[in-house]
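Start from chain A and add chain B according to the hints.
There are 2 protein chains.
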Amino acid sequence: MNQLIGNRRNFLKSTSLGLGSVLLAKRNRLANAAEADSGYPGLIIREKEPLNLEFPFPTLDHVITPTNRFFVRSHFPIPKLEAKAWRLKIDGSCEHPLELSLDDIRNMPAKSVTATIECAGNGRAFLAPKAKGVQWELGAVGNATWTGVPLRAVLERARLKADTVEVILSGSDQGEITEEPKSPGTIHFERSLPLAKAQSPEVLLAYQMNGEDLTAEHGFPLRVIVPGWFGMASVKWLSQITATNVAFHGYWQSLEYAYFERQQGRPSLVPVTQMQVKSSIARPALGELVPADKRYRVHGATWTGESEVSAVEVSTDDARTWQAAELLGEAVPHSWRLWQFDWHVPKQPGRVRLMCRASDRAGNQQPQSRDKDRRGYLINHVVPVEVNVR
Amino acid sequence: MNQLIGNRRNFLKSTSLGLGSVLLAKRNRLANAAEADSGYPGLIIREKEPLNLEFPFPTLDHVITPTNRFFVRSHFPIPKLEAKAWRLKIDGSCEHPLELSLDDIRNMPAKSVTATIECAGNGRAFLAPKAKGVQWELGAVGNATWTGVPLRAVLERARLKADTVEVILSGSDQGEITEEPKSPGTIHFERSLPLAKAQSPEVLLAYQMNGEDLTAEHGFPLRVIVPGWFGMASVKWLSQITATNVAFHGYWQSLEYAYFERQQGRPSLVPVTQMQVKSSIARPALGELVPADKRYRVHGATWTGESEVSAVEVSTDDARTWQAAELLGEAVPHSWRLWQFDWHVPKQPGRVRLMCRASDRAGNQQPQSRDKDRRGYLINHVVPVEVNVR
Chain A
471 MNQLIGNRRN
481 FLKSTSLGLG
491 SVLLAKRNRL
501 ANAAEADSGY
511 PGLIIREKEP
521 LNLEFPFPTL
531 DHVITPTNRF
541 FVRSHFPIPK
551 LEAKAWRLKI
561 DGSCEHPLEL
571 SLDDIRNMPA
581 KSVTATIECA
591 GNGRAFLAPK
601 AKGVQWELGA
611 VGNATWTGVP
621 LRAVLERARL
631 KADTVEVILS
641 GSDQGEITEE
651 PKSPGTIHFE
661 RSLPLAKAQS
671 PEVLLAYQMN
681 GEDLTAEHGF
691 PLRVIVPGWF
701 GMASVKWLSQ
711 ITATNVAFHG
721 YWQSLEYAYF
731 ERQQGRPSLV
741 PVTQMQVKSS
751 IARPALGELV
761 PADKRYRVHG
771 ATWTGESEVS
781 AVEVSTDDAR
791 TWQAAELLGE
801 AVPHSWRLWQ
811 FDWHVPKQPG
821 RVRLMCRASD
831 RAGNQQPQSR
841 DKDRRGYLIN
851 HVVPVEVNVR
Chain B
471 MNQLIGNRRN
481 FLKSTSLGLG
491 SVLLAKRNRL
501 ANAAEADSGY
511 PGLIIREKEP
521 LNLEFPFPTL
531 DHVITPTNRF
541 FVRSHFPIPK
551 LEAKAWRLKI
561 DGSCEHPLEL
571 SLDDIRNMPA
581 KSVTATIECA
591 GNGRAFLAPK
601 AKGVQWELGA
611 VGNATWTGVP
621 LRAVLERARL
631 KADTVEVILS
641 GSDQGEITEE
651 PKSPGTIHFE
661 RSLPLAKAQS
671 PEVLLAYQMN
681 GEDLTAEHGF
691 PLRVIVPGWF
701 GMASVKWLSQ
711 ITATNVAFHG
721 YWQSLEYAYF
731 ERQQGRPSLV
741 PVTQMQVKSS
751 IARPALGELV
761 PADKRYRVHG
771 ATWTGESEVS
781 AVEVSTDDAR
791 TWQAAELLGE
801 AVPHSWRLWQ
811 FDWHVPKQPG
821 RVRLMCRASD
831 RAGNQQPQSR
841 DKDRRGYLIN
851 HVVPVEVNVR
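Taken in sequence, the protein lines are chains A and B. Count the first sequence with our numbering and you get residues 471 to 860, in order. Count the second sequence with our numbering and you get residues 471 to 860, in order.
Just chain A, same shape as in the assembly:
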């Protein structure tokens, strides 16, 4: 898992040259602004209030994303929580409602899971027509090692009633959404998990990220980690778990973070859940200057939902032909995998569009085009990266 990719020097050189791409220039300006103003060096500020920071995907060079480079998604101001005063309530449809302190949780048997978390709107900036929401490019995704206790262990202590169908996970973060779709006054960020997934062993209540206590931005003191699902399920600043015997349709899984699936041909709104099979190119970056007639090691990352990536392919001829890329390291469940592809750059100068696409063992493959039913979510269609060969 200690994979380093050899393009870092090239990257610094190419981005500092400002290679004619408006997007790259904007990205650099934002990244510079972040370094100067925000205390989040190396992250792109998409929004300051609430705080939404993007990992600059071209800087990908390791299978584990350092905590200070990991994207930040928040919906409300970041709660300021004290470890000593903080409590987790478990209530609702259970025989033994309980309240746990952080020490209570730290004293339970710990477990670590390496899992990729991707925001359900990652890649939204590439959609046309534009979709509402934070305009992420490639980097609302990261991979970290999370340490905590299985959610299942806490649910066992609460002794769920037999008719429980879901658990509602509530964060301390709260506010009122005054733009459409408006919230009904002040609401918390909260999502429900079907019982089967909530009891799955990989689902954690995590207090550590990459071996250190969670930072405030990442959910201190405790957050949920739902491997295989988009990030909105991994509720941060967790304060309450409520078992329920009817399906929950909260704001964040109906008016937001929901998309259409076809039911007998008719669009029916369902909550966003599993990540979709996906691969992204880190380097070359959009608009990068690539020396003609040389070898260039294209690289990126690939991940999927509840399955395992089986292949990544690259096309350098506008999707006419595809060649296998090399998957690096070993497959680790719920963790992304880095990949590389040795590209012999053509002799003639000009623009070339690079594409990559992943497939998984469940038989899914990244689609070539965008499906309107997905609204501003589940963005995994092939996004070409146009580069300048000189």
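Quick caveat, the hints were computed from the structure, so don't treat them as lab data. Be careful, since some hints might not be right.
Said to hold, decoys possible - The calculated DSSO-like cross-link candidates involving lysine-lysine, where the alpha carbons are at most 27 Å apart (straight line), are:
#	chain 1	residue 1	chain 2	residue 2
1	B	K554	A	K602
2	B	K652	B	K550
3	B	K652	A	K842
4	B	K554	B	K581
5	A	K602	B	K652
Same frame as chain A, but now just chain B:
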């Protein structure tokens, strides 16, 4: 059911005087525009495309709303359908999918039901802060006699499978919603009904309204009538009925026509269904000039969802005291009832706020204030009518 209310002459006099109310002036301007331009004399144009027309509620004078005064709610252009070519498909989770012509339906045993239909957003113009959607005042409601066949009779012919939980009712009307919340491309207007309500004897597939074939605006050649429910359930221009064994969450019952109910204190989005107990004052109208120290017969209408209105009360002192109004005629299930109240107008000139509130046999009463959870729907809180005593 042949109730006439005695204020008609006063109404004409007062509205023609233009009594200083901006709302009244605007209403008259719109009503005049409708008469001049649209072929819908006597209705207020709220939108021309799609066509949304309001009944001017102060003109209420009969328990049955004439077809040409009945409010029109449409979401897309009105389909131009030919009776001969038209077919109704019944498919999905059933043993015997079938297709019926209009004659097939007219040859089945007919049934008539008098039912009040209210748009779920009726009264939206009175909300503060403003809610998005058509800005109806009091008149997106009407009461008519509908003739057709029970939906249940058609479902019996299709022999529903045992696991059917809902039927999806699809209209011929279609289009793409390009404002938020956007539709996934072109969609039809469609809503599902839980099986229990779909099989209830009062639910009709209607081809007549007030004894004549449906007009194009009201759903020709066939529409659903779901007594007790808000109007969005009474799908017009019906073309297809699809039985389904999973709950349907179409655009018009999730992103639109849905509100929040509390589930263990947390807002959870549910489709709009039953009408809420409500009463409205037809006369005096907002801003109307009322002669001091005279008797004035206040009148209006009252209705509810699956229950029966038990009382209407009127307050002339800002909700400090309430006096019983007289309910006119007989209680007819699912039909509104007219009411009146003899008000002794005070001697001193000035502004007076009149209020009315209804209660039903299920124990519901119109609330005094607005609940944010209801979004732009289910608007039945007490709306004062301010008049000028001179």
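Open item on the list: For K602 (chain A) and K652 (chain B), compute the direct alpha-carbon distance and say whether it is at most 27 Å.
Closed with: Given that 27 Å is the threshold and the Cα spacing comes to 10 Å, the pair holds.
Task: Given pair status - K581 (chain B), K554 (chain B), alpha carbons within 27 Å - done: Holds, because 22 Å separates the two Cα atoms, which is no more than 27 Å.
Task: Satisfaction of hint between K842 (chain A) and K652 (chain B), Cα-Cα up to 27 Å - done: 10 Å, holds
TODO: Assess, step by step, whether the Cα of K652 (chain B) is no farther than 27 Å from the Cα of K550 (chain B), and give holds or violated.
DONE: 25 Å, holds
TODO: Mind checking the alpha carbons of K554 (chain B) and K602 (chain A) for me, to see if they're no more than 27 Å apart?
DONE: Violated, at about 44 Å.
When each numbered hint is compared with the structure, a violation occurs for hint 1 only.
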